[in-house]
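Residue numbers (my numbering), protein chains in the order written: chain A, 1 to 458; chain B, 459 to 916; chain C, 917 to 1374; chain D, 1375 to 1832.
One or more of the hints may lead you astray.
[Unchecked claim] Result set (BS3-like, lysine-lysine): computed pairs, CA atoms no more than 27 Å apart in a straight line: (1) D:K1441 to C:K1060; (2) C:K918 to D:K1595; (3) A:K144 to B:K843.
[To be verified] Here are a few chain C residues that sit away from chain B, every Cβ distance over 10 Å (derived from the structure): (4) W934; (5) H963; (6) A978; (7) R979; (8) F1094; (9) P1152; (10) R1160; (11) N1229; (12) H1237; (13) L1320; (14) V1343; (15) S1344; (16) A1356; (17) H1360.
Because the hints were derived from the structure by calculation, they are not lab data.
Just so it is clear, CB atoms sit at the ideal spot from N, CA and C, and this is done for glycine as well.
Number of protein chains: 4
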Amino acid sequence: MKPTEIKIACIGGGSRYWARVLINELALAPRLAGRLDLYDVNLDATHRNVQVAAAIFARPEARTRFKVRAVSRLDDALKGADFVMISIEPGEMEMRYADVVIPSRYGILQPCGDTAGPAGTMRALRTLPLYEGFVRSIEKHCPKAWVFNYSNPMTICTGGLHALFPQIKAFGCCHEVFASQHRIASLVADWFGVPEPPRQEIAIDLTGLNHFTWVTEVRWKGHDLIARLRREIAAPEFFRSRARDARRRKRLERWFEPSGMVGYDFLRRFDALGFAGDRHLVEFVPWYVRSEAELHRWGTTITPYSWRLRRANLVDHDPKHYARQPLRPTGEDVARIIESLVGHGPLITNINLPNRGQTPDLPLGHVVETNARFDQNSLSPIVAKALPPAACALVRRAADVQALVLRAALTRDVDLAFQAILADPLVSLTTDQAWSMFAAMLNHTRKMLPGYRLPSAS
Amino acid sequence: MKPTEIKIACIGGGSRYWARVLINELALAPRLAGRLDLYDVNLDATHRNVQVAAAIFARPEARTRFKVRAVSRLDDALKGADFVMISIEPGEMEMRYADVVIPSRYGILQPCGDTAGPAGTMRALRTLPLYEGFVRSIEKHCPKAWVFNYSNPMTICTGGLHALFPQIKAFGCCHEVFASQHRIASLVADWFGVPEPPRQEIAIDLTGLNHFTWVTEVRWKGHDLIARLRREIAAPEFFRSRARDARRRKRLERWFEPSGMVGYDFLRRFDALGFAGDRHLVEFVPWYVRSEAELHRWGTTITPYSWRLRRANLVDHDPKHYARQPLRPTGEDVARIIESLVGHGPLITNINLPNRGQTPDLPLGHVVETNARFDQNSLSPIVAKALPPAACALVRRAADVQALVLRAALTRDVDLAFQAILADPLVSLTTDQAWSMFAAMLNHTRKMLPGYRLPSAS
Amino acid sequence: MKPTEIKIACIGGGSRYWARVLINELALAPRLAGRLDLYDVNLDATHRNVQVAAAIFARPEARTRFKVRAVSRLDDALKGADFVMISIEPGEMEMRYADVVIPSRYGILQPCGDTAGPAGTMRALRTLPLYEGFVRSIEKHCPKAWVFNYSNPMTICTGGLHALFPQIKAFGCCHEVFASQHRIASLVADWFGVPEPPRQEIAIDLTGLNHFTWVTEVRWKGHDLIARLRREIAAPEFFRSRARDARRRKRLERWFEPSGMVGYDFLRRFDALGFAGDRHLVEFVPWYVRSEAELHRWGTTITPYSWRLRRANLVDHDPKHYARQPLRPTGEDVARIIESLVGHGPLITNINLPNRGQTPDLPLGHVVETNARFDQNSLSPIVAKALPPAACALVRRAADVQALVLRAALTRDVDLAFQAILADPLVSLTTDQAWSMFAAMLNHTRKMLPGYRLPSAS
Amino acid sequence: MKPTEIKIACIGGGSRYWARVLINELALAPRLAGRLDLYDVNLDATHRNVQVAAAIFARPEARTRFKVRAVSRLDDALKGADFVMISIEPGEMEMRYADVVIPSRYGILQPCGDTAGPAGTMRALRTLPLYEGFVRSIEKHCPKAWVFNYSNPMTICTGGLHALFPQIKAFGCCHEVFASQHRIASLVADWFGVPEPPRQEIAIDLTGLNHFTWVTEVRWKGHDLIARLRREIAAPEFFRSRARDARRRKRLERWFEPSGMVGYDFLRRFDALGFAGDRHLVEFVPWYVRSEAELHRWGTTITPYSWRLRRANLVDHDPKHYARQPLRPTGEDVARIIESLVGHGPLITNINLPNRGQTPDLPLGHVVETNARFDQNSLSPIVAKALPPAACALVRRAADVQALVLRAALTRDVDLAFQAILADPLVSLTTDQAWSMFAAMLNHTRKMLPGYRLPSAS
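Next comes chain A alone, as it looks inside the complex (with noise of 0.2 Å):
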């Protein structure tokens, strides 16, 4: 069968991360062919990405070809484009200084800092601005195109996606889940004395919201996962302190190691699950956070800033070390689901998509975290079961926030996303030093803030 001929799209093309991992995806998979193109602010480090690509599709385990190319205007890019995908940063690395080193002034820690609490709303608030010329530009040249939101805070761009284009064909991919399907496959081996599954035969209900996910049910091969870690976790020690543990991280700077204890206190608290890992778990509640001596008591720890300044700035791989890589699957799901929507069988997987009736614990609309079915050209979402009264109640709080973050960044309000600061139930400062973080944080990025009425620089 030939492979069937695509165009993609990828904005945010320079990414040393994502736009690889697309083109190793795509290099592996032989129903696919024809063209990417690749658009970011940073021109060179598209092309740098092109180079990265004829050493990967160079490769001898690659199974197709792609012509890949930098496009300096993103309108050249999208003509014609089959799908679309969407991960970018919203400014540089310096501006995460005020997602995360302001607020931790105010006492409010933050592991990740992409997604909720005071960081994931000011994410939200540079990054609207850029959505909207992704959006005007998409509905002009490729309004029928399937777009693939990547970037954080997911479920508010996913939204804004959707708010400013409602036939849009856009939906989120996260592969968090994924991570914690993982860590379940490896119980899995433990539990039962066999090799570790792979993650799609860990069978979830899947719930909530992004990086705030919640499961109901976990089976493998008929048997209930969910009652077998409850008697897991009834076990006396096994909420015994993990601070070793975290300190080890620490000095190894291994902070996305997972512990997964976070998701247990759910499980043992509010009995669901929690399904995303424990540094973003924590950041949609206030009570693992109140110190970092309490996050190492869970085992989590917090990414420092300086790290990431850090990471940033390193000196990129040369392309050529590409060609020298054996070519092996990421373990995302991109490439599947391209080949589902272009008709080659159905997929069941996670995605973020606006709740048409798949989430009942969540508003109409809200963009939140299901089971899906790709089919061809198709994607519907699976109905997940309800959480238990309490952990609906924090999700819904979530929802509440994010709603007003999405609506504040749309019409750019900063009032508006002030009150979602004080919403946050990682906030519990006074008004006062409230706005005074808030307006800290709003002065630091002001470059990156256009159409917003600031309060005046200090």
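Fit chains B, C and D to the known structure of chain A by using the hints.
The following block gives chains B, C and D in isolation, referenced to the frame of chain A:
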């Protein structure tokens, strides 16, 4: 791999049609084995079906074995059941005189008379009291069993199961949509010059109610078949009279032969395709049943009561007959669903289930027909696209009437049942005529209406 | 206390009925004064009404004065208006041939033909284009004015105002409920041997739609009148034929004389009292209009088109006529509502307003009729009790059709309008007959249907 | 006109405050007469209040008479009652140590401690078991009585009444809004140079929850007072520290003296005016209770547990004391409401009632505070305007927590109650600290927690 051992209870196990289909399908399902208990008010019939089963399982094509027995007490059949099948008639065939003949005297023509219209209401009133007995026993003896409903009126029977025992794992199955898929598959063969594809390849976005089912998308291998259908039906002669076909069908007693014209008229008028047999579709709206001539004009016939009686009284096959018949798939999904539920991989098919969000057009809780995904001990509905607004209004109206009938049957409220009769789109009688008709229907079937406060017999 | 100075604009200011009622009521409202601008497509008629106003305000009973003028441009009438009255006919009386005579040829009898049924749909299609002009001018010249709608179909006209200008302060007023209150008041006089109480003493819990209005509670001085009515209508002879009364009314051309029997039949059948004139109630359900004889059986008559034409062509009174007529209250609430809105104390009355929660039975946003509380520059609906379920189904069905018609009129979508015709409870034609009828109606009124893609004139 | 004879049962009839207010108000209501049965766990206290009643009814200002008696059995008090008043404390004053002192050790400051926060949850857990007894008896002895709830937490108590007996005619009354109206009335006097108008002239559009009540409109004689307030609070010095006032209040033990600053801060931050005492408002959000200093900054103080204990142990007045006190209106609406319900004309006031649509911002069924209209045997809520979105999010969050607490109390589910504690906006402890606090609270009050599975006493 060894087959999975299960116990199935079949209520209505004496039936000539459904019980034998079930046995047939099980015989062709190598991954299943175990016990099948047949229960029926007619014990002789179950004994006969035990013999039929013996003949079928002895066929060379049979790939597994089930121990089949006739059970005289419902509780015995249900004890320990993993699966329960319900497919019953509410009373002998003479009851259907009330359903279809009496209304016909008032000008109300009902080609099927088992789902909607006054006939559907009457059947519901007779069926629900029987279901209460079933549910009490299921709750006691196999509360965790998966319950498959095959009885009509599907929506109300399945709704009754859930109303009577909210934790029940019940859903309704109907092959009506399969037939529509076959009809489309045969068009695909014509249009694309290919062999008729299997019905599963006809991908549909399905919504609405059982027997008043609609599709908003039909795709085959990436082709948009709804768009194609729109072009076909725009041809000048497409909607010409099919009276000659209908008269031929009537002469040959081919009542169930489909024409599909009403489904296409729905597409023309309401921009969504009717996706059940025309015989059923016409019973939910007043336009096609003004006269037998009008029904014929659309190629549809009325199954006569006399024919039904005659067929019911035909001598049954000798069980040995089945020993001689080659065993072939019947086209029903029942064994595939069971396999999926016991863990042999996911399955997507259409079923009837209380609305948990999958049908944005209808009230939560009302039993709707949509696609759903089965997996090990799991059933998740897939969210349907919204119907165009007028189609939605028609479906909502039908659902409102069903909800009245269900409530009337559960509370044995004859007045409320009469209100449902008045609200039925097929009824445009005066209130006095309507009452006169309904009182006659009640009177004719009074022995099957326990607990209702009936008007005194005339 | 000095009267409050206001400016009122009256669209349809040339009308013989409504404009004069308004003038009459203003003349009796000592707390109001100011200007009244009359605008009409018929400028002569407004000049005549200016003379009528002069005569009325000169009456000794008049308690205030308004400056009344005829205005030839809509914008001039609206500029600076505090209150806008809209009461128009969509085209001359000959248009109503399409509304009522053409459908009657298809067996569809419509005693009023201004709200529901094919006639209501046709009127809406003609009216909404005119309303778009009104709304554009209101938005420009008096966006904060309170807008009173008196045109039919009330629900759709009021809904159109809100759809076209969401910030509009518009509501609909209708005296139909007042007449039902008077009917009850006269029963109170009989039952309790007291003088007929004023209608305001008949306390009602009101719900539903304009002209398809229902009450679930009726009280007078602590007496539960619904309970009393239930007893009355249970009398054996209560529902005897009223054909003789109807024939007398027909002979005497007393089309608007009420019998109330249909409202009581609603109470008998659906356990809530129909609370508009039977002439209107019968147009929302198919049961009473099967034939003229059936209508007569309930005491209801059909206003003939010929009579309407004749009356429309009667010579108008000389304005001096009004100088001789004693000035008496008309029973309309308009002056009381204005007084309340300008701050002369609260008023509770029934009005039509988009559902903000006051009618739990109907979708949010749909225009419903309920009680509401007026106060200074404020209008708050009062929550109605839920209807019994079958009555609720009937009302929802009617509302669904209205929503289709409103959307069809706003988008000039003839196909959608036809879908509404098919979904109308009065229409049980075949789809071909229905189209033939509707095409004839469109054709007859095509000059009042700007922007619609009409079928070519036959 | 003769007064209407009624029977009132007062549960909590031994109270020094509420029972005497009731007697006082009845004595001033000439249109009412009849019997008042006082019931209390403290029978002595009811006997004393019978003597108080004798003194009050003997005052020359008294305009009617009630027969007042102390009743030792609840059933006797309720038998034949037309009205039931419930105003109780769940246990002696020492219980409040658990409500307020234990949380304060964890940094959770609660100025009132009777509605929200951990204290509100604890009170609800103690109160609902008592209410179950009341409801059983009401259902048996006076199912059609109007039930007035005055106990806190108001929302949960009133919600419990409806959950336990869905047909109950119960609502909650609270004077908190009256006090806010008085505060506005005094501003009116200042601003307009008039005598302070009666609170009823301050027209409000009221919404939200009891003690977390908001107004979106405030008008007096056509003046938009919200607009005026917006101008006032924009003055540079308006939000200066009120710590000096607070310290004075603390010194003088004037805990209930209002400053209103938090309500105004709500207006500044969220664009709707907080309309309960600041003491209550601050308990629903985390920002004002970070420290006693912060509370003082807003002019608010914390009522000390020691003062409450001291006051509870004060020697009561001799009943003869009341014979010497001039009888004056207390400002409560209770007699006006009763008069309206027995048919002496409509009354609009604010009450607490399950949401039937009156509060578009909150789930149906949740008890909300809005305006409502009383009339003879009738209570109809008035629809409130929607809150601005962030205020709505705050209120929804509070309602979600209340719903968890209500469910926890009805099902005696300590785990669920703890989930509510965690979800409370005042709680930003670690999960371990929160549990430690809650376990101590449960332990201190265990004798008032029948049927709960409590952690073993430490």
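Hints, verified against the model:
A distance of roughly 55 Å separates the Cα atoms of K1441 of chain D and K1060 of chain C; the hinted pair therefore is violated under the 27 Å criterion. Between K918 of chain C and K1595 of chain D, the direct Cα distance comes to roughly 15 Å. Compliance with the 27 Å bound is thereby established for this hinted pair. Restraint check: the Cα-Cα separation between K144 of chain A and K843 of chain B comes to about 17 Å, which is no more than 27 Å; the hinted pair holds. Every beta carbon of chain B lies more than 10 Å from that of W934 of chain C, the smallest distance being close to 32 Å; the non-interface claim holds.
With a least beta-carbon separation of about 45 Å from chain B, H963 of chain C lies farther than 10 Å from that chain, consistent with its non-interface assignment. Annotated as non-interface, A978 of chain C keeps its C-beta farther than 10 Å from every C-beta of chain B; the closest such distance is 49 Å. At roughly 49 Å, the least C-beta separation between R979 of chain C and chain B is larger than 10 Å, which holds for a residue marked as non-interface. At the 10 Å boundary, the C-beta of F1094 of chain C stays outside the reach of chain B, the nearest C-beta of that chain being 27 Å off.
Taking the minimum C-beta to C-beta distance to chain B, about 15 Å, the non-interface status of P1152 of chain C holds against the 10 Å cut. Distance check for R1160 of chain C against chain B: the nearest CB is about 18 Å away, which clears 10 Å, and the non-interface claim stands. The claim that N1229 of chain C lies off the interface holds: its Cβ sits roughly 36 Å from the closest Cβ of chain B, which is beyond the 10 Å cut-off. Residue placement check: H1237 of chain C keeps its beta carbon more than 10 Å from all beta carbons of chain B (closest about 45 Å).
Taking the minimum C-beta to C-beta distance to chain B, about 6 Å, the non-interface status of L1320 of chain C is violated against the 10 Å cut. Distance check for V1343 of chain C against chain B: the nearest CB is about 8 Å away, which does not clear 10 Å, and the non-interface claim fails. The non-interface label for S1344 of chain C is inconsistent with chain B: the shortest C-beta to C-beta separation is roughly 4 Å, within 10 Å. Every beta carbon of chain B lies more than 10 Å from that of A1356 of chain C, the smallest distance being close to 18 Å; the non-interface claim holds.
Its beta-carbon lying about 22 Å from the closest one in chain B, H1360 of chain C satisfies the requirement of being farther than 10 Å from that chain.
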